[in-house]
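Chains as they are written, first to last, in this note's numbering: chain P, 1 to 226; chain G, 227 to 292.
Some clues are possibly wrong.
[To be verified] Coverage of chain G stretches by chain P, computed from C-beta distances (three or more under 8 Å per stretch; other residues unrestricted):
#: 1; stretch: 231-237
#: 2; stretch: 247-257
#: 3; stretch: 265-275
#: 4; stretch: 286-292
[Claimed, not checked] Below, a sample of chain P positions facing chain G; criterion: calculated Cβ distance under 8 Å:
#: 5; residue: Tyr25
#: 6; residue: Arg122
#: 7; residue: Pro126
#: 8; residue: Arg156
#: 9; residue: Ala157
#: 10; residue: Leu158
#: 11; residue: Ala170
#: 12; residue: Gly171
#: 13; residue: His192
#: 14; residue: Pro193
#: 15; residue: Arg226
Don't read these hints as lab results, they were simulated from the structure. No experiment lies behind these values; they were computed from the predicted model shown. Glycine included, every Cβ here is placed at the ideal spot set by N, Cα and C.
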Amino acid sequence: MSEAAQGASEERLAGQALSPARALYAGFRQPVVWILLLIALFTTISGKPLDGFLMLTVATLLMWDATRARAAQYAGPAARAGATAPGPHRSRPRASRRQVAAGLAWVAAGLAYAGVVGSFRRYSWPATVSVVALGCLAVAAGWQGPLRRRAALTGRALRRAWVWGLVLVAGGLWELSSLVQQPHLTTDSYAHPTISALSDPLLASHPGRSVALGAWLLIGYFLAGR
Amino acid sequence: MSSHDATIVGYLLVLCAGVTLQVAAVRRPDLFPTLGGVLTHVMRSRTGRVGIFVAWAWIGLHFFAK
Chain P
1 MSEAAQGASE ERLAGQALSP ARALYAGFRQ PVVWILLLIA LFTTISGKPL
51 DGFLMLTVAT LLMWDATRAR AAQYAGPAAR AGATAPGPHR SRPRASRRQV
101 AAGLAWVAAG LAYAGVVGSF RRYSWPATVS VVALGCLAVA AGWQGPLRRR
151 AALTGRALRR AWVWGLVLVA GGLWELSSLV QQPHLTTDSY AHPTISALSD
201 PLLASHPGRS VALGAWLLIG YFLAGR
Chain G
227 MSSHDATIVG YLLVLCAGVT LQVAAVRRPD LFPTLGGVLT HVMRSRTGRV
277 GIFVAWAWIG LHFFAK
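Bound-form chain P, shown alone:
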């Protein structure tokens, strides 16, 4: 929707009464909410109730946020201010010694995290608490909005973004086909290994787990910079 059309729509809505059903519908319209609800369902029935609970929590929070934004549209511009607006963009300051020191501190913290958490057995409580805590922190930080403004995709590059979707969907379907060909959802198959099953030998040792955690942290760092 163009900005002018959106503005006209918001003016039309301002001052009207919003029923709870319409507010809830605004939350359910978010595709991410549906994806998270599906992940919550499938992870729970495949024996990972904690994953399911966390996905359900985030889906509920996103629904609440979308509902609140919709209600703010009905209430008018005064109430709308700050309803869903992400945090202010912070411009990128020039690199300084302080930044280099901060960067080195982050690297040291990341290495320490990967080393220590990698020493814990997989699926143990210490590993669970460490990963859940960092994941929740990242999601909470993401909720605040991007750290810096970046150029948006435009033109032909934007129209061809679907190609990446195709690659991701192909990978997801291939993984899913392996999963459904297992004897049971929680029993690996040698003939049709999932990525989890293939990664088991790597994650069986402390160094392997630390390397995997380091890669996971690097991806998180990359995402935080988006």
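Mind docking chain G on chain P? Use the hints.
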């Protein structure tokens, strides 16, 4: 070729497709977006941003948490 090998070849093909697309996007940014560009675009909205971070957190949970 066994089913095991065919499954692994499938994963490798998807990985190669992703790498090829990324290389093509870096060489010709006007033709294809890079993965970073697409993620940046998706993460402009709060739901997109939170969704991507949740996907990242889920990977950690899936491989390490109970």
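query = What hints, given by number in increasing order, does this structure fail?
reply = Numbers 5, 7 - these are the hints that the structure violates, sorted from lowest upward.
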